[in-house]
Every structure is written in C-alpha cells, then in structure tokens.
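**Student:** Note that the protein sequences, when read in sequence, are chains A and B. Here the numbering used here runs 5 ahead of the position in the first sequence, where the first position is 1. Here the numbering used here runs 5 ahead of the position in the second sequence, where the first position is 1.
By construction, these hints were calculated from the structure, which means they are not laboratory data. Some hints here could point you the wrong way.
The list treats identical chains as interchangeable, and a pair is accepted whether it falls inside one copy or across any two copies.
List time: in silico EDC-like cross-link candidates among lysine to aspartate or glutamate, alpha-carbon distance up to 20 Å [claimed, not checked]:
1) Lys118 to Glu226
2) Lys220 to Glu124
3) Lys243 to Glu181
4) Lys243 to Glu226
5) Lys118 to Asp183
6) Lys243 to Glu179
7) Lys21 to Glu245
8) Lys21 to Glu127
2 protein chains.
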Amino acid sequence: MSAGLVVIGNEILSGKVADANTPFLARELRVLGVALERVIVVPDEVDTVAGVVADFARRFEVVFTSGGVGPTHDDVTMDAVAQAFGRPMVENAGLRRAIEGFVGSAVNEAHLKMAMVPEGCELVIDGHPAFPTVVVENVYVLPGIPEIFQAKLVALRDRFRSQPYHLRQVLVREHETDIAEFLNATLAAFPELLLGSYPKLSNPEYRVRLTLESKDESYVEAALADLLRRLPQGFVVKVEN
Amino acid sequence: MSAGLVVIGNEILSGKVADANTPFLARELRVLGVALERVIVVPDEVDTVAGVVADFARRFEVVFTSGGVGPTHDDVTMDAVAQAFGRPMVENAGLRRAIEGFVGSAVNEAHLKMAMVPEGCELVIDGHPAFPTVVVENVYVLPGIPEIFQAKLVALRDRFRSQPYHLRQVLVREHETDIAEFLNATLAAFPELLLGSYPKLSNPEYRVRLTLESKDESYVEAALADLLRRLPQGFVVKVEN
C-alpha cells in the first residue's frame with residue numbers, strides 16, 4: 006500500500022511551528038507496512054491545496070491531510086478536498102444536530118461551518134475526539150493539532166495494516182567512500198533490497214549507519230549475510246535489528 | 006522573493022529520521038524576508054527528484070535541495086538536478102584535484118563521484134565545510150546532514166536577504182468559534198494581512214494564538230488596532246511582538 010501526506014499550514018512554512026505530524030505518521034505507517042512515498046507542505050490556499058490533493062489521490066492508494074480544519078478563515082482544507090473531487094460542500098444534518106446539542110443557544114456561524122463537509126463523504130466515528138474523521142474517496146482529512154492528529158491516526162490504523170517491513174542495521178567504523186563498492190556489490194546481487202547509508206558526524210562509536218529492508222525477511226537476512234561477507238574485517242562495529 | 010524546498014530522503018519517509026532541515030530553513034528564510042511557499046519530501050529516485058526540482062525551479066525564485074549528496078548508491082540528487090535542467094554530468098577538474106590532494110593515493114571511484122557535477126553549475130566556496138555548494142540556475146544543492154546543511158545555509162544567507170516581515174501576536178482566552186467573526190471583519194478591512202489563528206490545547210494561559218503579519222509595519226499595526234477594537238473586553242490575554 007502506498008501513501009502520501011499533504012500538510013496544510015502557513016505556520017509551518019513561516020517557521021513558527023515545527024511540524025510534528027509528519028514524523029509521527031512516517032513512523033506509524035512504517036510499522037503498519039505502508040510505504041509513505043511523498044509529503045508536501047503547502048500554504049492555506051484553497052486552489053493550491055485542491056491541486057495537490059487531486060494529484061496525490063491519483064498517485065497513491067491512501068492520502069492523509071494534516072491541518073486547515075476548523076472554524077476560522079484560514080481553515081480551507083474541507084473546501085479544497087471537495088474541490089479536488091469536484092464535489093459541492095453540503096451541511097451534514099447529523100453533525101449540525103451534534104454541534105447544536107453541544108453548544109446550545111450560543112451556536113454561531115463559525116460553529117456551523119464545522120457541519121459543512123464534501124458531498125458523499127464518509128464520516129468515521131473514532132470517538133477521539135467526538136468529532137468524526139471525514140474521508141473522501143481515498144483521502145483522510147485530519148486536524149493539524151498534534152494531539153488530535155495522532156489520536157485519530159491511532160484510532161484509524163487498523164484500516165491500513167499491511168505486510169510489515171523487516172529491518173536490519175549495520176554500524177560501520179569507516180567512511181562512506183570506503184564502503185561504497187561493497188554496498189554496490191550487494192545491491193547488484195540483491196536488487197530489490199532497500200539499502201540506506203547514513204553518515205553520522207562526530208559519533209565516537211561509528212561513522213555510517215546502514216539500513217537493510219524488505220518485506221521479505223529471508224531476503225533481508227540473505228542480503229545482510231552477503232554484505233557482511235564482503236566488508237573487510239574490522240569495518241563492522243555492530244549489527245542491529 | 007519566493008522559495009521552495011525539496012527534501013530527498015527515504016530515511017525521512019520511512020520514519021527513521023525526523024527532518025531537522027525544514028524547520029531550520031523555514032525560520033531562517035522568514036527572518037530574511039523570503040516566503041517559503043512549498044516543501045516536498047521525496048524518495049531517493051532520480052526521475053522523481055528530477056521532476057519535482059524542474060517543477061519547483063519554474064514555480065519559485067529560489068529552490069533549495071536537502072540530502073542525497075554523497076558517494077553512495079542512494080545519493081542521487083546531483084544526477085537529478087542535472088536531469089531537471091537537461092544538462093550532462095561532468096567532472097570538475099578543480100574538485101578532482103582537491104579530492105586527490107585530500108585523499109592521496111587511497112582515492113577510489115566513490116571519492117571521484119564527488120567531483121561529478123551538472124555542466125555549467127556555479128560552485129560557491131563558502132568554506133564550511135571545505136566542499137563548495139553546487140548551484141544550478143536557481144537551485145542550491147545542500148547536503149542532508151543537519152550540521153552541514155545549517156552551516157552552508159548560514160554562509161549563503163546574504164544572497165537571499167529581502168525585506169523582512171513584521172509580526173504581532175495576540176493571545177486570546179476564548180475558543181476560535183467565539184472570535185471567528187472578528188477575524189473575518191478585520192480581514193475584510195485589511196485584505197492583505199497575513200492572519201493566522203492557532204488553537205492550543207490544554208494551555209492554562211490562552212486558547213488561541215493569533216499572528217498578524219505583513220512586510221508593511223504600519224499596515225500590521227493598523228490591523229492590530231482594528232482587531233483589538235473589535236474583540237470584546239476580556240478576550241485578550243496578551244499582545245506580543
């Protein structure tokens with residue numbers, strides 16, 4: 006299963022807030038076995054958001070949006086998702102009743118904006134918080150507040166559970182330039198291996214972290230054995246899961 | 006001046022590493038008065054990176070890339086930037102001499118990969134670290150290691166200095182739904198205002214942080230006065246710079 010994430014937020018692009026939802030989603034999806042293939046951060050502009058949501062919905066099996074959901078002028082995500090699929094925004098009678106029941110006689114236009122959703126969307130009652138998650142085709146609309154984004158994602162995750170990745174890691178004492186030929190040789194023998202090479206500055210223990218991954222556990226183990234056979238004695242500090 | 010950032014890295018999409026370069030760049034550019042308009046995170050795939058670099062280079066006045074620069078198989082950014090502009094990769098004689106001088110007789114293919122750059126690129130000697138920054142047209146190719154990304158960006162920043170933004174912030178005691186009408190009224194009177202509304206959960210002091218911004222200081226101050234006049238007494242906790 007492939008996934009994309011659209012983060013909506015001037016506050017992130019202008020450096021006021023560091024986005025916490027991307028790393029959370031990336032880790033969760035990896036554990037679930039879902040391949041996050043692209044993340045994009047865009048401003049609070051309906052046409053821009055609609056364009057990238059439409060593009061992502063075609064490219065990936067599941068798309069998440071983060072942010073831009075709420076009662077104020079800069080909350081444009083629902084309108085944008087509706088526009089991406091050419092659907093009108095309609096008032097959901099159940100949501101309106103729930104909002105009126107919660108707010109009582111103080112209900113105003115801003116409260117009722119929260120009852121407007123893209124026509125024909127699915128409302129997933131996840132119970133956390135009370136407000137349901139809006140799903141339009143393969144797009145899950147999540148709020149940007151990290152506590153709520155994360156709680157909703159956890160509540161939804163069984164929908165996306167897939168075959169997990171198997172990961173092995175090798176910590177290496179030498180520079181990347183000294184091991185590149187061995188990595189290339191292992192990749193030639195195991196072309197489907199997901200092989201990452203990450204130098205670490207000023208670490209007393211190792212210089213490079215190698216990550217070997219696949220959904221096929223025996224493939225990872227065979228590739229790991231191949232690489233360990235090629236690396237000269239003394240290069241490897243440690244092998245980890 | 007408008008800017009875009011292309012982050013290249015399977016390690017970020019797979020949740021192994023939280024990207025520290027986006028928040029750093031966002032903050033730096035804001036201080037410089039540059040509008041960061043889009044960030045995209047893509048895997049280590051030449052065609053994918055080339056496609057988004059070409060797209061961003063057309064859309065924005067300046068583009069930064071983060072990551073994928075190095076001697077191993079997963080370092081594809083130079084090739085991708087060359088492809089984005091339809092330029093061949095060529096060996097730079099000065100870089101080759103510098104590498105050979107540094108490495109000596111142990112020089113290998115992986116070292117010499119670092120001397121390959123897109124034809125006709127600019128090499129900016131920023132001194133930190135010794136390796137220059139490669140610039141192709143409006144695209145600045147920066148390494149992903151945060152310490153080096155940040156040092157290089159700081160060394161380059163005077164190239165991008167623009168008119169700064171002026172920011173005022175208002176902390177509000179009430180819910181967003183209770184202030185939305187006042188925000189809308191101020192925006193109608195000050196349509197060029199950059200106005201953000203950010204709810205904060207479980208903060209004992211305030212419920213919403215409002216940010217008012219413009220490159221025109223007197224416009225921000227007039228909009229702030231307008232908003233403060235509209236907000237009912239007792240709503241405002243504090244006004245900040």
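**Student:** Next step is simple, just say for each hint if it's right about the structure.
**Tutor:** Here's how the hints hold up against the structure:
1. In this homomeric assembly, Lys118 and Glu226 never come within 20 Å of each other (Cα to Cα): the closest approach is 54 Å inside a single copy and 29 Å across copies.
2. For the identical chains of this complex, Lys220 and Glu124 are neighbours neither inside a copy (38 Å) nor across copies (39 Å), given an alpha-carbon limit of 20 Å.
3. Taking CA atoms no more than 20 Å apart as the test, Lys243 paired with Glu181 passes inside one copy only; the shortest distance there is 16 Å, against 52 Å between copies.
4. When the C-alpha separation of Lys243 and Glu226 is checked against a cutoff of 20 Å, the pair qualifies only within one copy, where the shortest distance is 15 Å, while the shortest distance between copies is 59 Å.
5. With identical chains, the CA atoms of Lys118 and Asp183 are at most 20 Å apart between copies only, with a shortest distance of 13 Å across copies and 59 Å within one.
6. In this assembly of identical chains, Lys243 and Glu179 lie within 20 Å of each other by CA distance solely inside one copy; the values are 13 Å within and 54 Å between copies.
7. Proximity of Lys21 and Glu245 under a CA criterion of 20 Å is satisfied inter-copy only: 14 Å between copies versus 37 Å inside one chain copy.
8. In the homo-oligomer, the alpha carbons of Lys21 and Glu127 never lie at most 20 Å apart, since the shortest distance is 33 Å inside one protomer and 32 Å across protomers.
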